[in-house]
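Take a look at the letters that make up each chain.
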Amino acid sequence: MGKYKAMIGLEMHCQISTTNTKVFSNAKNAYNEIPNTNIKPLDMAFPGTLPTVNKEAVKKSLMASLILNCKQPEYLYFERKNYYYPDLPKGYQITQQTSPAPIGVGGSITFEVNGEEKKVRIDNIHLEEDAASTDHYSSYSTIDYNRAGVPLLELVTYPDLHSAEEAVAFLETMRSIYRYTGISEADSKKGQIRCDVNVSIIDENLDETKEENWGTKIEIKNVNSFGAVKDTILYEIDRQIRKKEDGTYDKMKQETRRWDEESETTIFMRSKVDEIDYKYFVEPNIPKIKLSKDWIESIRKEIPALAKERKEKYQNEYHLSVVDANILVKEKEISDYFDETIKEGTNPKTASNWITSTILGYLNKNDIEIKELFLTPKMLTKLIKKVEDKTISSKQGKEVLYKSLEEKEDPITIIEKLGLKQIGNEEEILVFVKEVLEEHLDMIEKYKNGRTNVIDFFVGQIMKKTKGKANPAMTMNLIKQEIEKR
Amino acid sequence: MSYVDKSIEEIHSALKEGKITSRELIEESLQKSKEIQKKCNAFVTIIEDAKEKEVTDHLLSGIPFGIKDNYSTKGILSTGSSNTLKDYVPFFTATSIENLEKVGAIAVNKTVLDEFGMGATGTTGHTGIVKNPWDKTRMCAGSSAGSAAAVAAGVYPYATGSDTGDSIRKPAAYCGIVGYKPTYGLISRYGLFPFASSLDHCGALTRSVKDAAIVVDAMKGIDPKDMTSYDSKDMHLKEALTGNVKGKKLCYIKEICDKKMYPNANKELKEHLENFEKVLENAKKIGMEVEEVSIDKELLKASASAYVVISCAEATSNMSNLTGIVFGPRAQGKSYIEMMKNYRTEGFSPLIKRRFIIGSYVLQKENIDRYFKNAQKVRRMLVDAWKDLFKKYDAVILPVGSGPAKLLDGSLDILDENTVILEEHLQIGNFGGFPSITIPDGFVDSLPVGLNITGNCYDDENVLNIAYALENTMEYKNQIAKEVNNG
Numbered sequence: 023m024g025k026y027k028a029m030i031g032l033e034m035h036c037q038i039s040t041t042n043t044k045v046f047s048n049a050k051n052a053y054n055e056i057p058n059t060n061i062k063p064l065d066m067a068f069p070g071t072l073p074t075v076n077k078e079a080v081k082k083s084l085m086a087s088l089i090l091n092c093k094q095p096e097y098l099y100f101e102r103k104n105y106y107y108p109d110l111p112k113g114y115q116i117t118q119q120t121s122p123a124p125i126g127v128g129g130s131i132t133f134e135v136n137g138e139e140k141k142v143r144i145d146n147i148h149l150e151e152d153a154a155s156t157d158h159y160s161s162y163s164t165i166d167y168n169r170a171g172v173p174l175l176e177l178v179t180y181p182d183l184h185s186a187e188e189a190v191a192f193l194e195t196m197r198s199i200y201r202y203t204g205i206s207e208a209d210s211k212k213g214q215i216r217c218d219v220n221v222s223i224i225d226e227n228l229d230e231t232k233e234e235n236w237g238t239k240i241e242i243k244n245v246n247s248f249g250a251v252k253d254t255i256l257y258e259i260d261r262q263i264r265k266k267e268d269g270t271y272d273k274m275k276q277e278t279r280r281w282d283e284e285s286e287t288t289i290f291m292r293s294k295v296d297e298i299d300y301k302y303f304v305e306p307n308i309p310k311i312k313l314s315k316d317w318i319e320s321i322r323k324e325i326p327a328l329a330k331e332r333k334e335k336y337q338n339e340y341h342l343s344v345v346d347a348n349i350l351v352k353e354k355e356i357s358d359y360f361d362e363t364i365k366e367g368t369n370p371k372t373a374s375n376w377i378t379s380t381i382l383g384y385l386n387k388n389d390i391e392i393k394e395l396f397l398t399p400k401m402l403t404k405l406i407k408k409v410e411d412k413t414i415s416s417k418q419g420k421e422v423l424y425k426s427l428e429e430k431e432d433p434i435t436i437i438e439k440l441g442l443k444q445i446g447n448e449e450e451i452l453v454f455v456k457e458v459l460e461e462h463l464d465m466i467e468k469y470k471n472g473r474t475n476v477i478d479f480f481v482g483q484i485m486k487k488t489k490g491k492a493n494p495a496m497t498m499n500l501i502k503q504e505i506e507k508r
Numbered sequence: 031m032s033y034v035d036k037s038i039e040e041i042h043s044a045l046k047e048g049k050i051t052s053r054e055l056i057e058e059s060l061q062k063s064k065e066i067q068k069k070c071n072a073f074v075t076i077i078e079d080a081k082e083k084e085v086t087d088h089l090l091s092g093i094p095f096g097i098k099d100n101y102s103t104k105g106i107l108s109t110g111s112s113n114t115l116k117d118y119v120p121f122f123t124a125t126s127i128e129n130l131e132k133v134g135a136i137a138v139n140k141t142v143l144d145e146f147g148m149g150a151t152g153t154t155g156h157t158g159i160v161k162n163p164w165d166k167t168r169m170c171a172g173s174s175a176g177s178a179a180a181v182a183a184g185v186y187p188y189a190t191g192s193d194t195g196d197s198i199r200k201p202a203a204y205c206g207i208v209g210y211k212p213t214y215g216l217i218s219r220y221g222l223f224p225f226a227s228s229l230d231h232c233g234a235l236t237r238s239v240k241d242a243a244i245v246v247d248a249m250k251g252i253d254p255k256d257m258t259s260y261d262s263k264d265m266h267l268k269e270a271l272t273g274n275v276k277g278k279k280l281c282y283i284k285e286i287c288d289k290k291m292y293p294n295a296n297k298e299l300k301e302h303l304e305n306f307e308k309v310l311e312n313a314k315k316i317g318m319e320v321e322e323v324s325i326d327k328e329l330l331k332a333s334a335s336a337y338v339v340i341s342c343a344e345a346t347s348n349m350s351n352l353t354g355i356v357f358g359p360r361a362q363g364k365s366y367i368e369m370m371k372n373y374r375t376e377g378f379s380p381l382i383k384r385r386f387i388i389g390s391y392v393l394q395k396e397n398i399d400r401y402f403k404n405a406q407k408v409r410r411m412l413v414d415a416w417k418d419l420f421k422k423y424d425a426v427i428l429p430v431g432s433g434p435a436k437l438l439d440g441s442l443d444i445l446d447e448n449t450v451i452l453e454e455h456l457q458i459g460n461f462g463g464f465p466s467i468t469i470p471d472g473f474v475d476s477l478p479v480g481l482n483i484t485g486n487c488y489d490d491e492n493v494l495n496i497a498y499a500l501e502n503t504m505e506y507k508n509q510i511a512k513e514v515n516n517g
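Protein chains in written order, with the working numbering: chain A, 23 to 508; chain B, 31 to 517.
A few of these clues could be false.
[Claimed, not checked] Result set (DSBU-like, lysine-lysine): computed pairs, CA atoms no more than 30 angstroms apart in a straight line: (1) A:K310 - B:K297; (2) B:K403 - A:K273; (3) A:K275 - A:K252; (4) A:K243 - B:K132; (5) A:K294 - B:K422; (6) B:K395 - A:K294; (7) B:K371 - A:K310; (8) B:K132 - A:K103; (9) A:K62 - B:K407; (10) B:K132 - A:K93; (11) A:K103 - B:K371; (12) B:K403 - A:K312; (13) B:K364 - A:K310; (14) A:K232 - A:K243; (15) B:K407 - A:K50; (16) B:K383 - A:K103; (17) A:K50 - B:K104; (18) B:K314 - A:K239; (19) B:K421 - A:K62; (20) A:K62 - B:K422; (21) A:K93 - B:K421; (22) A:K294 - B:K81; (23) B:K422 - A:K243; (24) A:K330 - A:K141; (25) A:K425 - A:K330; (26) B:K383 - B:K421; (27) B:K421 - A:K310; (28) B:K132 - A:K294; (29) A:K310 - B:K422; (30) B:K407 - A:K103; (31) B:K371 - A:K312; (32) B:K263 - A:K77; (33) A:K312 - B:K507; (34) A:K243 - B:K364; (35) A:K103 - B:K297.
The hints are simulated quantities; they were obtained by calculation from the structure and are not laboratory data.
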């Protein structure tokens, strides 16, 4: 980029996917492959239907507002955004404009890019309803109203981001927050996350805190995956720099473009002059709702420990490596599993080793999620205990774990069934040691002549006889003792 | 002997005593519906297959009634008197209608309104104009025109109405019956086709105050489907009708009803106002105090404009769902935009389209402060002024309109700027969500005229009791339209 720096703002839409019903109707809120199955009369705007606010959706929005350090309004209002489109059956979307006050205003959040902490200011976050989804074919279009009325959180940042990498890191942080709090599955494959991206460039030496120095804002709509956000920003920065270079930048007007997946370019949609006038006004069918301080505080208390906090704990308290800590907090379910395992009494480092290598390896290989895992943290802890108290070897431990997952059986039962008990009784092992030494008197000679590695041979022989059940350390000691005696 | 033109209590007694059956009442009502349809064109649908219901202890059980055609009724054509919904048969019933049907009421017809309630004449419905049963050259006023005509003609004891500006209370006055719009939220709006949601009220047209109380007692109640509805289980309208109004205080507003305000008044207006003065005397005789108050005339004059701005703005948004894509007769077109355009252009009457344009205009970014926000300020100021009155008075009493029903050809309309306030003051009841009832208070040129009583929110019992006591001082209770001119 050299002479220029980019100023990027994001509008991130994320469905609240975890409420039972939609935001203003009592139709089911669920991702459904079969079109037009989750619908109530309001979702298709039949005359005489009225919206009712889903308290759970408001609660989740307030939680997001609190996490983003926004200010919460005293009263909750909704507003109508009026425009015609076939995916909008009422002819307006119920949303929250900045006036009177959306669910959150004026916050900020920090996030990490390559180990460096960055901060982005949040203009506002608001609760609204999603539109229906449409598919267009050559001679007709179809509308699926399943999505109409699904609660949607839109957060709007200031143009505080400076690169595609930062933008994506911010989005990943938000996705993690939405998942940790149970606000949303935040799955872009299900269309649960959609972004609009604002990009402008500014000469490197100018002060970006002064609005008069800002470049022309270009808004790119329809950017529906984090990969596309990255591509869009890279493309748009490049396009704008070229305009600077060929002297046409100053002629460029504020405009709205869209990201075209096929050509991997941004395409002109409309200029500022053609901006739609949405004719906002307060939704008269929803009375203003008092948001009590007590309620907001009780929601604050319900916020679970988020990835950032947990990572710090893993590193500082448990002394895990950055790499392991990052792996453990990437998904809340995994982090919860880890925490639970520790609660059961496993040492954090041991738990981390088992989870990050063996368990996550298994999940990846079989493409399943940790919540589908048969092995509970309690079972894992018991299994680890068996290894730690040397009842079984660590190699056996892993084998038991896999077997337990495959056969969905308690690892302790498996150990018992297979008779996998490690022989940890000295007298028992001693019988085998004496037997092997008698069989290989020549080898004892070799040992006494300095070939100490012969000891491994003896251990191997004993393992053979005990089918690997003998405690290796104990076996080794006993061999040494017995040889010395001779 | 006919029964459907009697009071609800009388009909109920007849049913209980076995003088008549629910089936016979329905037949009688259907028969009258057909007669009135010929005379007045009051109905969109006559429900020929209406089924009798068991007579219980509920006063409304087994008794027929009418439903304004902007109430959603499951399996029964519900048009809003608009071509845009001329074939629309809903699959759900409005909560307030369900409430009536639950206690055994039987709907026998759907009544004509001004298209989607947007009109004050009863002449803009897609099935044609509704004529006044007293005089076929005159209008019923609107928008609950068909309901008013049918109740006045004695088709049944009551019909539902809706009221956004005066749509229950003005037609009631023009047809010589009672029209009651309770406090906003008392009756659920779920299933009422919206006109302007912040002003829309459900209500009833009846021939007596007691009947209005009985009907609204049954229609009302909190509804989880309507967030603006509220729990009124402790409010018992009929029981509140004691007739004892000693010490109650009424006020009238000088700027609206003082004869001196109308130096150029015609004969009708003069008689109307003089008649009103007489009723005030009645009020005093039964122990009420009546005082004159004054409200800034400029503020009063702003009411009508504020109403147009707010109601049109909400209407244009509320009716954006009428695209012909999900329901209604889908129009042809090369694109969805063309389909919507054709549907709306063909479906809506010119009056409505004009209101949509006004509504869009006042909400535009460059106009919203000047029009919409200012209109809301006027609304707030008017509501505050009325609330101030309610601190001292139980109710405001005022004449309805500037005289009896107007001629359909408009030849005698008074083009007096001053009477605008007289014609439009009922809107303030919608601005504030106040309980408001119109009762007949006399005749001008052999045609009925009415007065209105409006009180503070949630004070419905008090307002109805005052109306009930006043009604008892006059002889218009349960009157049936006597045709004075059949065109």
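- Query: Are the Cα positions of A:K62 and B:K422 separated by 30 angstroms at most?
  - Reply: violated (47 angstroms)
- Message: What's the verdict on A:K62 and B:K407, does the C-alpha distance respect the 30 angstroms limit or exceed it?
- Response: violated (36 angstroms)
- Holds or violated: are the alpha carbons of B:K132 and A:K294 at most 30 angstroms from each other? violated (55 angstroms)
- Pairwise hint evaluation, B:K421 against B:K383, where the allowed Cα distance is 30 angstroms at most: violated (41 angstroms)
- 30 angstroms Cα cutoff - pair B:K407, A:K50: violated (40 angstroms)
- Sort out whether B:K297 lies within 30 angstroms of A:K103, counting only the CA atoms. violated (50 angstroms)
- Query: Would the pair A:K232 and A:K243 pass a check requiring their Cα atoms to be no farther apart than 30 angstroms?
  - Reply: OK: A:K232 and A:K243 at ~26 angstroms, within 30 angstroms.
- Message: Checking one constraint from the list: CA of A:K425 to CA of A:K330, max 30 angstroms. Satisfied?
- Response: Measuring from Cα to Cα gives roughly 34 angstroms; hence the hint is violated.
- Message: Holds or violated: B:K383 and A:K103, Cα atoms, limit 30 angstroms.
- Response: Holds, at roughly 20 angstroms.
- Message: Holds or violated: A:K243 and B:K132, Cα atoms, limit 30 angstroms.
- Response: Violated, at about 51 angstroms.
- Take a quick look at whether B:K395 and A:K294 sit within 30 angstroms of each other, Cα to Cα. holds (14 angstroms)
- Task: Take a quick look at whether A:K103 and B:K371 sit within 30 angstroms of each other, Cα to Cα.
- Result: holds (20 angstroms)
Consistency with the previously given hints fails for numbers 1, 2, 4, 5, 7, 8, 9, 10, 13, 15, 18, 19, 20, 21, 22, 23, 25, 26, 28, 31, 33 and 35, ordered from lowest to highest.
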